Amino acid sequence: MARLSDLHTASRARLSELECPSYDTSPWVQTPTLDRSRIAIISSAALIRRGDPVFLPTDTGWRPVPHALADNDLLVSHVSINFDRTGLQQDMEVAFPRRHLDALADAGAIGGVASTHYTFMGSNDPKVLGEMARDIAGRLKAERIDAAILVPV
Amino acid sequence: MSALAHMIESFGVATVVISLIRLHTEKIRPPRALWVPFQLGRPLGSPGEPAFQARVLRAALALLERRDGPVLLEDFVEDEPRAVDDPDWNAPFESAVTAGIEGAALAEELRQLRPLYDQAVAARGRSTVGLSGLDLSQAVDFLASCLSAFPASSPVPALTPGQTLRFVADDLKAAWTEAASLNGRPSSSQLADWLWQRTALGRTLLRLRELALASDNAPFKAVGGNLLVPGARVAMIEAAKPS
Chain A
1 MARLSDLHTA
11 SRARLSELEC
21 PSYDTSPWVQ
31 TPTLDRSRIA
41 IISSAALIRR
51 GDPVFLPTDT
61 GWRPVPHALA
71 DNDLLVSHVS
81 INFDRTGLQQ
91 DMEVAFPRRH
101 LDALADAGAI
111 GGVASTHYTF
121 MGSNDPKVLG
131 EMARDIAGRL
141 KAERIDAAIL
151 VPV
Chain B
1001 MSALAHMIES
1011 FGVATVVISL
1021 IRLHTEKIRP
1031 PRALWVPFQL
1041 GRPLGSPGEP
1051 AFQARVLRAA
1061 LALLERRDGP
1071 VLLEDFVEDE
1081 PRAVDDPDWN
1091 APFESAVTAG
1101 IEGAALAEEL
1111 RQLRPLYDQA
1121 VAARGRSTVG
1131 LSGLDLSQAV
1141 DFLASCLSAF
1151 PASSPVPALT
1161 PGQTLRFVAD
1171 DLKAAWTEAA
1181 SLNGRPSSSQ
1191 LADWLWQRTA
1201 LGRTLLRLRE
1211 LALASDNAPF
1221 KAVGGNLLVP
1231 GARVAMIEAA
1241 KPS
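So the protein lines, in turn, are chains A and B. Counting from 1, position 145 in the first sequence corresponds to residue 145 in this note's numbering; the numbering is continuous, with no gaps. For any residue, its number in this note's numbering is found by taking its place in the second sequence, counting from 1, and adding 1000.
A couple of the hints might just be wrong.
For each label pair, taking beta carbons as the anchor points, the in silico distance ranges come out as [stated by the list, open to error]:
# : chain 1 : residue 1 : chain 2 : residue 2 : range
1 : A       : Gly138    : B       : Thr1160   : 32 to 38 Å
2 : B       : Asp1086   : A       : Gly51     : 43 to 49 Å
3 : A       : Gly130    : B       : Pro1115   : 30 to 36 Å
4 : A       : Ser22     : B       : Asp1135   : 46 to 52 Å
5 : A       : Ser26     : B       : Ala1122   : 47 to 53 Å
6 : B       : Ser1145   : A       : Gly112    : 23 to 29 Å
Hint data in this document are derived by calculation from the structure and do not stem from the laboratory. Owing to the predicted nature of the structure, the values given are computational and were not obtained by experimental measurement. Just so you know, even glycine gets a beta-carbon here, dropped at the ideal spot from N, CA and C.
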């Protein structure tokens, strides 16, 4: 469990003391109703296409992940070994829920699913995220995506 | 993720975050977040539990329909179905290699495990093994070679020896876990206890960590000391040592 009290001492201390940014603004974009909203996933798992270069610790970039990419072509290259990987090893939907989004779209609960999702390595300093946010937001708007669900590991 | 959500929303796209560390989300205050009480690495809960995962996802997406933000932070109060051990699960692969960390023990363990791993890949239609670029036999050989001397070069041209060690370890842990989780509904702690306490792979990685920490080779020390054995497992081992 990810309650801080359940983590071992070193992780609890590190996460409790982690410096978090604060902002003066509170942005808010109102989406259409969910049944008309097209959704993309942004994953911090440092996903790669099988055979592509892995994310290395200094990698502050992002990569597109085609929605249609087969599960067997998707690998997790995040530098950290301090999150549970056994879930992802059994079932990619625990952190990259493409099939669940497909099911919601098929049922008419959401308006559609992006043809491209996005991934990066989630251990980055928030200070380097601005350019990534601008680039990904630009791609999402170009694909007429209404909302992104951000899924950490 | 909360900071990225804030920024993406600032650029004009609505966001909702699944939060694993509530404290961070409280501080950063992204536009919409659903905190879940699951362990790190499982933001939608347990593997093989699609109905539960779908409930988590729907709860997160439902925040996009709200009109009363910003800021919205809701809690998903159910625990994941596999947060507790499965009393009926037994590691289907019980290593006959009960001691030793030499390459022969590791190779023998791979020989025993391989049919089950192949079954797991066939059953799931996928595997997460593949980061190092080496096949499992080559990965075992590389790992075993590190026990005697940290190599000066990597068999993978695109990776340094340290990077190869790290991704070989990832690949082998993935193969062992994928095989062991084929049957039953094991918790993550059951799988981890099996890997670290009852396999030659676990013993090898723990020994490599010790060797790395005592080494003067900086890449070996950095990778072997930090990227082979999870911090929680190191803490458990340290806590179990007599004071």
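**Request:** Quick one: which hint numbers does this structure break? Sort them smallest to largest.
**Result:** Failing hints, ascending: 2, 3 and 6.
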